[in-house]
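Chains A and B are the protein sequences, given in the same order.
Residue numbers for the first sequence follow my numbering, so the first one is 1 and each next one is one higher.
Residue numbers for the second sequence follow my numbering, so the first one is 1 and each next one is one higher.
Hints listed in this document are in silico derivations from the structure and should not be mistaken for laboratory results.
Treat the hints loosely; a few may be bogus.
To spell it out: a stretch of chain A is covered by chain B in this simulated footprint if at least three of its residues, at any positions, have a beta carbon under 8 Å from a beta carbon of chain B; those stretches are [what the hints assert, rightly or not]:
1. 62 to 68
2. 185 to 196
So the derived label-pair ranges between C-beta atoms look like this [stated by the list, open to error]:
3. B/D53 to A/E104: 54 to 60 Å
4. A/R186 to B/Q19: 44 to 50 Å
5. A/D70 to B/E214: 49 to 55 Å
If we take Cβ atoms under 7 Å as the criterion, some of the chain A residues that face chain B in the derived model are [to be verified]:
6. L24
7. L25
8. A26
9. G40
10. T88
11. C92
12. E143
13. G144
14. D146
15. K147
16. G204
As the structure is a prediction and not an experimental result, all values here were calculated from the model.
Backbone N, C-alpha and C define an ideal beta-carbon position, used for all residues, glycine too.
2 protein chains.
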Amino acid sequence: MEKVNVGKRILSANEQFAQQNSQLLAQRRQLCLNMISSPGSGKTTLLVRTISDLKDELRMGVIEGDLRTDIDAQRVRATQAPAIQIETQGACHLSAKQVNDALEQLPLDALDVIFIENVGNLVCPSAFELGENGKVVVLSVAEGDDKPAKYPAIFAKSKVMLINKIDLLSGGLVEFDIERVTTDARRLNKSIEIFPVSARTGAGMPQWYDWLKEQVRQTRR
Amino acid sequence: MEKVNVGKRILSANEQFAQQNSQLLAQRRQLCLNMISSPGSGKTTLLVRTISDLKDELRMGVIEGDLRTDIDAQRVRATQAPAIQIETQGACHLSAKQVNDALEQLPLDALDVIFIENVGNLVCPSAFELGENGKVVVLSVAEGDDKPAKYPAIFAKSKVMLINKIDLLSGGLVEFDIERVTTDARRLNKSIEIFPVSARTGAGMPQWYDWLKEQVRQTRR
């Protein structure tokens, strides 16, 4: 019982900050997406390509979450976009308080979209709301097509699934059934948008960009 | 303060069960390895191949941890090896209590090695001892060579790092610097053994098998 009560108290402190973040974003009509995946699915490469390809249409900033290092923030800053690195010092997910602090450091007036790149972890980040407008789950084809069945929570909660690294399918070295993943993900979440992409080659990225631009339009209304 | 205290209490309940497991294994002189990785690094494929290739030399059983489904236990059982599935119902790591229960269900007298395949998560499982003789971290080349730098805890604590899916390097579609990973891992953990392997093609597996058989010999002494 004690465990349950404490769990609730921690979550509700997180929820308070999530609500603050959500209100700030709503007042400013800014889109904020929480990117969640296993380690190494290619979230940073996806963001770097998105920022570069859309640099004349959307102004984007990134909040980077990692246990250690600012490798990812450095990669984003190389595109000239602003990036705030949060080092969680071992914690397995970002908290709404950390995002709250990072939002204060970003030049919000100069941004249309704020991406939060969560800690690489397909489990824990799905349980902590950050005040975002939506979650985007990234799944690399190298991880296998059983992930929605085995890790359902994040697929049930996401607005979008990006199936990344589809260029690996061409060599025949990776087996991955896009239809199986689509069926399993839609069983958990009827309205999830699914975009197979390669952040490396650019394949499929325009569909993701169209979705992103439409979300920015809707958030501005 | 409250958070810190509760954290300690939960860990120490886990530690009590870990100690029980450790004593049971020591009495029986059985080797037990805790396999930890991101989702989709190929842990199950590695175990299935290891069990098949060594079936005339070592008798192996598996404790499978997943949030949902018994897909992995079914794959192991197809090799005729015994497998106990633990569904964590959303929890991000196995606990020593769950392993304690699973050990009671395995035919221990008929086994030389017990593998624990932890929940796919590079962060949380590293903080929970299960009573094992050693941790084995599995890293797929598709995940990128920055993982020891970004997720140091599990690399610091593991006896072995298996660098899996090295067959993907041949196509030139995946960039992965084995030297960088080796340097970063050894900086955290001087004595870590490193085996680049492909569970799919079998490349490099004999070195891992030699290590495994030597560990069984040492545990029996």
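We went through each hint and held it up to the structure:
Residues of the region 62 to 68 of chain A with a Cβ under 8 Å from some Cβ of chain B number 3, which satisfies the need for three, so the listed coverage holds. Coverage of the region 185 to 196 of chain A by chain B is violated in this model, with 0 residues showing a Cβ closer than 8 Å to a Cβ of that chain against a need of three. Take B/D53 and A/E104: their Cβ atoms lie about 56 Å apart, and the range 54 to 60 Å holds. Evaluation of the 44 to 50 Å hint for A/R186 and B/Q19 yields a pass: the beta carbon distance comes to about 45 Å.
Take A/D70 and B/E214: their Cβ atoms lie about 40 Å apart, and the range 49 to 55 Å is violated. Taken as an interface hint, A/L24 does not check out: its beta carbon lies about 26 Å from the nearest beta carbon of chain B, beyond 7 Å. The beta carbon of A/L25 is not positioned within 7 Å of any beta carbon in chain B (closest approach about 27 Å), and the interface hint is therefore violated. Interface hint status for A/A26: violated, as the beta-carbon distance to the closest one in chain B is roughly 29 Å, over 7 Å.
A cut of 7 Å between beta carbons decides the hint on A/G40: the least distance to chain B is about 3 Å, and the hint holds. At about 9 Å, the closest approach between the beta carbon of A/T88 and any beta carbon in chain B exceeds 7 Å, and the interface hint on this residue is violated. Satisfaction of the interface hint for A/C92 is found here, the shortest Cβ-Cβ separation to chain B being roughly 4 Å, below the 7 Å cut-off. Taken as an interface hint, A/E143 checks out: its beta carbon lies about 3 Å from the nearest beta carbon of chain B, inside 7 Å.
At about 5 Å, the closest approach between the beta carbon of A/G144 and any beta carbon in chain B falls short of 7 Å, and the interface hint on this residue holds. A cut of 7 Å between beta carbons decides the hint on A/D146: the least distance to chain B is about 6 Å, and the hint holds. With 7 Å as the threshold, the beta carbon of A/K147 comes within range of chain B, its nearest partner Cβ sitting at about 6 Å, so the hint holds. Below 7 Å, beta-carbon pairs count as interface contacts, and A/G204 has none with chain B, the closest being about 16 Å; its hint is therefore violated.
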